[in-house]
Structures are given as structure tokens and as C-alpha cells.
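Engineer: Residues per chain are reported as follows:
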Amino acid sequence: MTSIILLSIFGIINLFVGFMKSKRILLPLSLLFLAVVFGANLFSWNEAQSYFNHMLTIDNYAVAFTGIMVLATLLLLPFSQHYIEEANENLAEFYSLLLFSLVGAIMMVSYENMLMLFIGIEILSIAMYVLAGSDKRRLRSNEAALKYFLMGAFFTGVLLFGIVLIYGATGSFYLTDIAATAAVNDGTVNAMFTLGLLLLVIGISFKISAAPFHFWAPDVYEGTPTLFTSYMSTVVKIAGVAAFYKLMAAAFAASYAAWFPTLIAITVLTLVVGNIGAVVQTNFKRMLAYSSVSHAGYLLMALVAFNERSDASILFYSLSYALATIVAFAVLQYVSEQRNGDETYAAFNGLGKTNPLLAFAMTVAMCSLSGIPLTAGFFGKLFVFTAVVQDARLMWLVVVAVLMAAVGIYYYFKVVIAMYMQPAADAAKIRIGSFASFMLIFITVFTILLGIAPALVSDLL
Amino acid sequence: MLFYLFATLAILSAAYMVLTRNLLYAGFSLLVTLLSVAGIYVLLYADFVAVTQLMVYVGGVLVLILFGIMLSSRVHDKSVLSESVNKVWGVVVTGFILVGLSYTILNANISALPWLQAAGTDVLGQQKSTVQRVGIKLMTDFVVPFELASLLLLIALIGAAYIATDKPKV
Amino acid sequence: MNQIPDIIRTIPLNYYLYFSTALFIIGVIGVLIRRNAIVIFMCVELMLNAVNLLLTAIASYRADTNGQVFVFFIMAVAAAEVCVGLAIIVMTYRNTRSTDVQLLNNLKW
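Protein chains in written order, with the working numbering: chain S, 1 to 461; chain R, 1001 to 1170; chain F, 2001 to 2109.
Some chain S residues well away from chain R (every beta-carbon gap over 12 Å; in silico):
#1 D59
#2 A179
#3 D186
#4 A250
#5 F260
#6 I264
#7 L269
#8 A312
#9 L357
#10 F360
#11 V400
#12 K414
#13 A418
#14 I452
Derived, one-sided and incomplete: chain R residues facing chain F with beta-carbon distance under 7 Å:
#15 I1011
#16 A1014
#17 V1018
#18 L1030
#19 V1049
#20 T1052
#21 I1105
#22 V1134
Worth flagging that the hints you see were computed from the coordinates, not collected in a lab. Remember, it's a predicted structure, so these values are computed and weren't measured experimentally. The beta-carbon is built from N, C-alpha and C at its ideal position, and this holds for glycine as well.
Taking the hints into account, I'd like the entire structure generated from these sequences.
Structural biologist: Following this line, the structure appears as C-alpha cells:
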């Protein structure tokens, strides 16, 4: 609750600071705000409390995911250097929108009522529609915003229809009441309930870009300015998956049989489409978009497993995925700026010689994304897979996932090969701010640290 | 029966909205649909919702949409007209959804819902109006979403102001 | 004990369900087959209206104010969406001189 209030206030302060001429203090100020929120959030640890007639509950689950999302925002903001140098007029608006949208993300991990889920999703989405189109004069950014907006609004309608059908069947918007009604009716109240559940699953699958509702993702990710793509593929996705798990665990645990087949189909499809789609891409940013689809698949696997290990493995996977993704997008941002907006693999040629730091950070990130040992990503996948194999019938799912992870290594290492094996087309060294390089080193060290001592995070929940 | 009148009107004009090629006509038929829905709200004794529907949808959303049409098309020009695409696939997919939904409704056995049997309280209370009860709800149970909805509107305000302004490049 | 006014009960809840489903389906058809961004957007509004209608009907039958409050929030959100959405459409129009989504093929599906 404190973090929601603080973020709203800080966002407004940021707007006011934007009126003043001193754009330079915006970034340090926003980082300070986020650090304060991160600290304040930790005070709620182990003090589960329900606020305002059970509208939201801040329990350890909410605190942990809030922490990860605030941390992710904190880590990706330093790479907005480019906007500061360009003396972008609207920097304050961007930062405020990011802070405000975090409020939506926090609502999505702590809601107890469907209304809170809905408003949380909308706060996050509407801010993202704007940020996707924030590069107003670039046609691709416009298209990304338009496509994201039309599709998002459509699937919001679907999600709402689902919520209403469930309200019709159970007579409540509260997760606990829905669970209670479902429990006395063997998990399926009537056909209306089942249909509502299906529509809900579709609506949220869209938000986390799970196949077959992922079709918007490559375009939108590619067209959106890289900084916000990074936010989109980390915070928005983590919030979506966390909300999904909370929804299933708190309201529809008794209806497991009703949603399990749908969800497992979505998961397998997401894994296959995401990884195969990523292989054929030549554009690095599009590849990352497909890779984020595939990671939604791994996260959904933990949800499908649906046992006591699910939440912890989703948490660890989200963190490792967020760290690696932030680095990947940050390096991409520097490289493509140097190469006049070139976002293909070729842009990375020879980066290992000109910028060893960028290349090394990128290599660690790619290893982490593909799940190579000694990085956080390895344990992320390991925890998800062990959660799944608890149920012996799901063994085949793990086999599929391992195969797909092997495919993943192929396309993640394309860029590593380009960096170290190819001659540089442009020998100029890419200039990075000292703070940004410090952040890159920090994230890289953090990734390796989690790869050696995963217990730091994995035992939290 | 007023319900049937409004319902028919709403569905017909909604269908016309989807089928017509002229953007302006589509806008106006959306107006008819929204008004009919507002009429049905009145029949449902949901006076607050009915008034909000008139103010927000008819007064706000629709006017904005008409503005959007005017700003982005030259009326009297071919650009007001727009074709349909993917007709076959669209109809097939939607047909499936329609069959699924209808099947569900037919099987849902709505009147057997336990709460429907038990419902017996007066919708209107003593005041013969839902405004007071909605207001009390908003300020008690739903106060958090209410406040956060204001945040949402702030985001929309900032966003729309940013997106829609067109400053020449300096 | 007070009763739900009879006039509400004269129309079975089923009919409201059919009616709003029909509106919803029309909206879905529109989104799938039309290619003008504004029309697609109006169809989305239609879908939201269908949801609101069903919600109000159920709430009236239940004599439950929560449903009506939810409708109020959906309307607020819809208004916010309209304002951002039309800004995006106008912005796109400024760059492409069209609101036809087919012309926006620079990004592939």
C-alpha cells in the first residue's frame, strides 16, 4: 500500500520538476524515488495485511513481485541517457508515466477483487500505449502504438466479458467468494462460469503475449522505442504472469480441471512459436520479441505445474529473465544508436574488440537467457522444470521445453558469434556514460551471483 | 414492450454500424445503439448508470469519436468510406464464437442460479434511486479503485496531451 | 420484505444474456472484418457496452450495487481509453494521411 501511495506522489512530483528547466536532475530524482519505494516496500515483508475491505492484500507474494518490478525499472532507467542528451522536452512525462504504470503493476500482484485487477491492467496498458507511440515522428512507433492500442482494447473487452460471466455465475468480484462458490460446486458452477474462465485466460494471455495471442508482440516490440520495449518485456510481462498465477491460485484452484487443458495448450504453443519464430529473425529486436514470447512460455510452465513450488520458481525466473533482458535491450540501444538505427545482428559485428564491456555484458545476458550454467537463467529454468516434474504426467512438457531451450541457444549465440568472430564494420568505440557502465557491470555481476548462489532469492517465498 | 423495442433498435443499428462503409453513418448508428442501451438501463432501474451512460458515452465518447472522424477524414470525399477485409475468415471465426457462446447460454440454466432464487431485496431502497447507494459504495468498499481510477485518468490526460500535440521540430 | 420490482422480472435474465451476447458478437465481427481504425475502435466500444449491459442486468436482478459500481469504473476506463486511442489515431493520421490499418504494413504480422 505504501508503495502505491509513494509512487503516485512521486510521479506527480516528477511532473512538477519537469516544468523547471533542470532536466538533468530528473534521472537521479527518479532513481532516488524508485530506491525509496523499493525500501518502503520491504517493510511489508512478513506483515501480510489486507487493505480497504479486502480490495488488496500486501502479502509476501505481492512484496516479492513488487520488489522485482521496482528493481527492474530502477535498473533500466539509467539507460535512458540518450533521451537526456537529446534534451527531450517530455522526459518528465516519460518518467512519470513509468512510475504511474508501476502502480498498475503493483495492483496486479496484490489485488483481491476483479475490479482491482481490471484497473491495474488498464493503468499499465494505457501508459504503455502512450509510451509505445512516444517517438511521435517515427512511423513505426505510431504503428506500434496503434496496433497495441486496438488489440489491447479488444482483449480488454474479452477480459471484461469473462469477469462479468463469472460475476453472473458466482455473484461476486472477490477472489475468495469466487473460490468459495467454485469449491462447493466441484470447481464448475455452470457453463457460464467455465466460459468466463476461458475468456479470462484469453484476456490475460494476451497481456503476457502467450501464443496464439502473441501476434502483436513482434511488431509492437520492434516499433516501440527500445527503452520502453525493455520495460514492456520485463515489468508488464512479470506483472501479467504474477497476476495470472494469483488469479488461478486464489480464485480458481478448485476449477483446476476446467482451465488446465486450455493452459497447457497455450503453454506448449507459446514455447514452440516463440522459439521457432525467434530462429528465423534477422533483426535482433524482433528476435528479442519472440524470445520474450518463449519466456512467457517457460513462466506459464510453472503456472501449469501449479504446486507449492510454482510461485517461488515464477519469482526466480522473472528476476533472472528481467536482468538479462534489460542488459540485452540496453546494449542494443547503444549499438543501434551508433549504427544509425541498425538493429540487425550485423550491427553487433566486432563489438568484442571495440567495446569489450558491452560485449561481455551481452554475452552473460545471452547465456542467462538461454539457460547456461553459472548464470541466473540456468537456475530459473531448473526451478521451473523441477516444479513441473513433481507431476510425473507432465514429463513430456519438460522434454518439449528442454528441446526448445536448445533451439534457444542457437539464436542467442548468433549475436555472441557476431560480436567476437566477425570483423568490425565500424571501428569507432561506442561511448557510454560512466553510470550506465556501472549499472551494466552491476547487473552482470548480479546475474552471475544468482547463478552461483540462487538461494538468495529462490527461498524467499 | 419497451425492452424489445430498445433491444431490436440497438442490435439493428449496431449491425448497421459494422456493415456501412460510411464512417459518419457508423458514428451516428453507434449513437442510436448507445441511446437504446441507456433506455434499457432505465428499464433495469439503474438510473445512475443510465445517466452516466448518457453523459460519458453519448456526451463524451461519441463526440470524441466524431471529432476523430472529422479530423482524420475529409467528409464528402472517398476517405469517409472504408472497405471491409477478411470477410470470410472474420465471419467464420465469429461464427464459432457465436455458436460457443450460444451453446453455453443454452446450457447455463440461468434461472437455477442459487442467488437468483434467493434475491429478494429491494433494488431501490427507500430513496427510489440507486445514486445514494452507489455513492456510499464508492466511498466505502470501492474507495481504493476510485482513487486509482483518478490516477488512470491522469495518465490518459498526460498521454493524450503528449501524443496529440504536434510541435514543429526546432 | 421488499421485492425486486416486478417490471424487471418481466424480462427473464436469459434475454439480457442473449441481447448482450449479440451486441458483443457484432462488436467482435466488426473488429475482425473492418479495416478502418476508427470503426474498429467503435466496435470495441460496442463490446464494452455489451459488457456493461450484462453487468447492469445481473446487478439489478441480484439487487447488488457492486455490479453498478463496476459499470461506473468500466465507463471511466473506456473514457480514458477513448482519449488516448483517438490521440494515437490522429497522430498516425498525421503521418500517414489515413486511418486504414491495412496501410500500416511496415510492421509485418
